[in-house]
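Undergrad: Chains as they are written, first to last, in numbering that gives the first Met the number 0: chain V, 0 to 418; chain W, 0 to 171.
For the record, the hints were derived by calculation from the structure and aren't laboratory data.
Every residue, glycine too, gets a C-beta built ideally from N, C-alpha and C.
Please note: incorrect hints may appear among the correct ones.
Stated by the list, open to error - Heads up, simulated DSS-like pairs for lysine-lysine below, C-alpha to C-alpha not over 25 Å straight-line: (1) V:K51 with W:K150; (2) V:K149 with W:K40; (3) W:K40 with V:K72; (4) V:K51 with V:K91; (5) V:K7 with V:K153; (6) V:K75 with V:K332; (7) V:K261 with V:K182; (8) V:K391 with W:K53; (9) V:K281 with V:K391; (10) V:K281 with V:K75; (11) V:K230 with V:K159; (12) V:K149 with W:K14; (13) V:K45 with W:K53; (14) W:K53 with W:K14; (15) V:K45 with V:K72; (16) W:K40 with W:K53; (17) W:K162 with V:K45; (18) W:K150 with V:K391; (19) V:K149 with V:K7; (20) V:K149 with V:K91; (21) W:K131 with V:K69; (22) W:K40 with V:K153; (23) V:K153 with W:K150; (24) V:K332 with V:K230; (25) W:K53 with V:K75; (26) W:K118 with W:K14; (27) V:K153 with W:K14; (28) V:K51 with W:K14; (29) V:K332 with V:K69; (30) V:K391 with W:K40.
Unchecked claim - Using C-beta positions, here's what the derived DEER-type ranges look like: (31) W:E56 with V:A232: 56 to 66 Å; (32) W:T7 with V:G21: 20 to 30 Å; (33) V:M339 with W:Y29: 30 to 40 Å.
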Amino acid sequence: MGMTIAEKILATKSGATRVSPGEIVDAYPDVVMSHTATWRSVSVMKRIGATKLYDPERLAIVLDHISPAKTEKYAKDQQTSRNFAREYGIRKFYDVDAGIAHLVLMENGHIKPGDLVVGTDSHCTIYGALGALGTGIGYTEVTSVWVTGKLWMKVPTTLKFILDGKFAPGVSAKDLMLALIGKLGADGAGYKSVEFYGDALPDMSVSERMTMANLAMEMGSKCVFVPPDAKTADYLRGRLQDFSKYQPVYADADAVYEQEIKVNLADLEPMVACPHQVENTKPIGEVVGTKIDQAFLGSCANGKYEDLAVAARILAGRRVNPGVRLLVTPGSKQIMLEAMKSGILQTLIESGALVTNPGCSACAGDGGTMADGEVSLSTANRNFVGRMGSNKSSIYLSSPATLAASAIKGAIADPREFF
Amino acid sequence: MGNGMQSTIQGRVFKFGDNVNSDIIIAGRYLIYIEPEELAKHAFEMLGEGFPAKLREYDILVAGRNFGCGSAREQASTAIKGLGIKAVVAASFARTFYRNAINDGLTIVECPEVYAAVKEGDSISIALADGKIAHAGQEYSFPQIPPSVRKILELGGLANYLKANATTTGGA
Ligand code: SF4
Numbered sequence: 000m001g002m003t004i005a006e007k008i009l010a011t012k013s014g015a016t017r018v019s020p021g022e023i024v025d026a027y028p029d030v031v032m033s034h035t036a037t038w039r040s041v042s043v044m045k046r047i048g049a050t051k052l053y054d055p056e057r058l059a060i061v062l063d064h065i066s067p068a069k070t071e072k073y074a075k076d077q078q079t080s081r082n083f084a085r086e087y088g089i090r091k092f093y094d095v096d097a098g099i100a101h102l103v104l105m106e107n108g109h110i111k112p113g114d115l116v117v118g119t120d121s122h123c124t125i126y127g128a129l130g131a132l133g134t135g136i137g138y139t140e141v142t143s144v145w146v147t148g149k150l151w152m153k154v155p156t157t158l159k160f161i162l163d164g165k166f167a168p169g170v171s172a173k174d175l176m177l178a179l180i181g182k183l184g185a186d187g188a189g190y191k192s193v194e195f196y197g198d199a200l201p202d203m204s205v206s207e208r209m210t211m212a213n214l215a216m217e218m219g220s221k222c223v224f225v226p227p228d229a230k231t232a233d234y235l236r237g238r239l240q241d242f243s244k245y246q247p248v249y250a251d252a253d254a255v256y257e258q259e260i261k262v263n264l265a266d267l268e269p270m271v272a273c274p275h276q277v278e279n280t281k282p283i284g285e286v287v288g289t290k291i292d293q294a295f296l297g298s299c300a301n302g303k304y305e306d307l308a309v310a311a312r313i314l315a316g317r318r319v320n321p322g323v324r325l326l327v328t329p330g331s332k333q334i335m336l337e338a339m340k341s342g343i344l345q346t347l348i349e350s351g352a353l354v355t356n357p358g359c360s361a362c363a364g365d366g367g368t369m370a371d372g373e374v375s376l377s378t379a380n381r382n383f384v385g386r387m388g389s390n391k392s393s394i395y396l397s398s399p400a401t402l403a404a405s406a407i408k409g410a411i412a413d414p415r416e417f418f
Numbered sequence: 000m001g002n003g004m005q006s007t008i009q010g011r012v013f014k015f016g017d018n019v020n021s022d023i024i025i026a027g028r029y030l031i032y033i034e035p036e037e038l039a040k041h042a043f044e045m046l047g048e049g050f051p052a053k054l055r056e057y058d059i060l061v062a063g064r065n066f067g068c069g070s071a072r073e074q075a076s077t078a079i080k081g082l083g084i085k086a087v088v089a090a091s092f093a094r095t096f097y098r099n100a101i102n103d104g105l106t107i108v109e110c111p112e113v114y115a116a117v118k119e120g121d122s123i124s125i126a127l128a129d130g131k132i133a134h135a136g137q138e139y140s141f142p143q144i145p146p147s148v149r150k151i152l153e154l155g156g157l158a159n160y161l162k163a164n165a166t167t168t169g170g171a
């Protein structure tokens, strides 16, 4: 009996020849990421009296949520993180200018296929876009990994998704994921690993794969994999410091899956997640005309270059509706720079957008705060109550294309008329 | 057995539904805190007037599927502890909440039958070592936390566990 990708990676990282679902192993992660939460892990380290790291080279720190600091408290916490990185010689340290941790780590070649990556963020599943096992943990556990090098992990069962066909114009990876989350529910993949296959994959960009691996968290996935292919290798060539370490891990042909789910991309239409649960998804037709006050284009789910480009294509030569504030937050500095050079930022600004500094921004409730009764459409991955301001405001989630179309109309709109 | 875990936990339950996410348990704007008391002041305040004060009158939270879903914020379990809640019994937990609760020394029990059986204000008794919950003359079984992981809970959380094992940590 063969192994799935998650089983293979957990076996390798725990020094076993094979593992099976349900088994608990002690695994040694290759990368332990901490973001704005870093100071909390530093405080735990002090509390337990630890002064040595298992391996400083495995730590990656990115100050992304609430950046730059907006209060003295944040400033002090960031200072703690900065000082820690300096004191312990953390080379993968990125300050408030860099952008969202997930995107920054991948862009800078710190994640490769077969890696085990843990971090203080539930959307660590995104690393599966490059064939790595990424999963979220709390800040105390991050300290534990810093100090001991390892953590206990339960080997998950695996779901297999087979994607065939091609998206219709105006439909994208975000719509696919919202459709899946709506169908399977917020715990449809709870505790499970997810592997994506099918004829559709070779044509899907790394950016789309990131959106998929990111959003799969919202159905409870422990980790997600898009098996590496030519696109993965192209993305990582020039980014990995040592490309000879590019060694993809694939599932065995006789690996055992809990369930197989087939999707034909051609059957999908633009989807929207309605307040206040991501699983509360509806086809665009059922929500068209819902008035919006704010549109947020950003986040680790859809603040990538391609996402900005899709929105810019729709907004070019058009104006954002006067009733709408369009906030654009590039996911990282690299993305922002690229969008600046290609003219995308100019297009967005000319259409009426407010472009902010890279980072989590409104997705983490940092800026773009909403008042009572206001409605925001967002390309992020969560629409929970009060996540972007007042507990009496509401958030809808959509693709960048739907967002751009809606920003023009002043109400949720079907992007297909712009394609 | 250490200071973190009593062998029997009993008390009155407050009942939630499915998919209680960690943003509801503690909003992002309070993540600047890590102290249980400070977090407890704002726990569940999204639920409206009367929260979180109301929850302090209960001992055990009972919830449906996927309790603690969403963000990996550890402060969700810390906030619940800060309210004086002794255990959370749910039909199922989101995995990051499950881990964080253990690491925080908060007792968690997966038992869909109890969720179906109890109503708000009922009293239940959880016998941890036996893996049984008593309610209204009925007894329900729940799966035990694996022994290797239980050690963390028994010591009152991961920080205590690390301190206790300080001689073996520190690595390369
Ligand atoms: S962009 Fe949003 S979802 Fe992504 S890491 Fe930042 S706060 Fe979390």
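Undergrad: Each hint should be assessed against the structure and marked as holding or not.
TA: Tested hints:
1. V:K51 with W:K150: 23 Å, holds
2. V:K149 with W:K40: 34 Å, violated
3. W:K40 with V:K72: Between K40 (chain W) and K72 (chain V) the Cα gap is close to 18 Å, so the pair holds against 25 Å.
4. V:K51 with V:K91: Given pair K51 (chain V), K91 (chain V) holds - Cα atoms ~17 Å apart, limit 25 Å.
5. V:K7 with V:K153: 13 Å, holds
6. V:K75 with V:K332: 23 Å, holds
7. V:K261 with V:K182: 12 Å, holds
8. V:K391 with W:K53: Judged against 25 Å, a Cα distance of about 21 Å means the pair holds.
9. V:K281 with V:K391: 21 Å, holds
10. V:K281 with V:K75: Roughly 43 Å between the alpha carbons, so the hint for K281 (chain V) and K75 (chain V) is violated.
11. V:K230 with V:K159: 20 Å, holds
12. V:K149 with W:K14: Measuring from Cα to Cα gives roughly 36 Å; hence the hint is violated.
13. V:K45 with W:K53: Roughly 35 Å separates the two Cα atoms, so the pair is violated.
14. W:K53 with W:K14: 12 Å, holds
15. V:K45 with V:K72: Roughly 19 Å separates the two Cα atoms, so the pair holds.
16. W:K40 with W:K53: 11 Å, holds
17. W:K162 with V:K45: It holds: about 11 Å lies between the C-alpha atoms, which stays within 25 Å.
18. W:K150 with V:K391: 42 Å, violated
19. V:K149 with V:K7: 17 Å, holds
20. V:K149 with V:K91: 19 Å, holds
21. W:K131 with V:K69: Measuring from Cα to Cα gives roughly 48 Å; hence the hint is violated.
22. W:K40 with V:K153: 34 Å, violated
23. V:K153 with W:K150: 16 Å, holds
24. V:K332 with V:K230: 22 Å, holds
25. W:K53 with V:K75: Cα-Cα ~34 Å, so violated.
26. W:K118 with W:K14: Distance ~7 Å between K118 (chain W) and K14 (chain W) Cα, so the pair holds.
27. V:K153 with W:K14: 29 Å, violated
28. V:K51 with W:K14: 44 Å, violated
29. V:K332 with V:K69: Distance of about 19 Å is within 25 Å: holds.
30. V:K391 with W:K40: The given pair, whose Cα atoms are some 20 Å apart, holds under the 25 Å limit.
31. W:E56 with V:A232: 56 to 66 Å: Once the Cβ atoms are compared, 59 Å apart, the range 56 to 66 Å for A232 (chain V) and E56 (chain W) holds.
32. W:T7 with V:G21: 20 to 30 Å: Given range 20 to 30 Å: holds, Cβ gap about 28 Å.
33. V:M339 with W:Y29: 30 to 40 Å: 35 Å, holds
Figure legend: structure checked against the earlier numbered hints; hints not met, in rising order: 2, 10, 12, 13, 18, 21, 22, 25, 27, 28.
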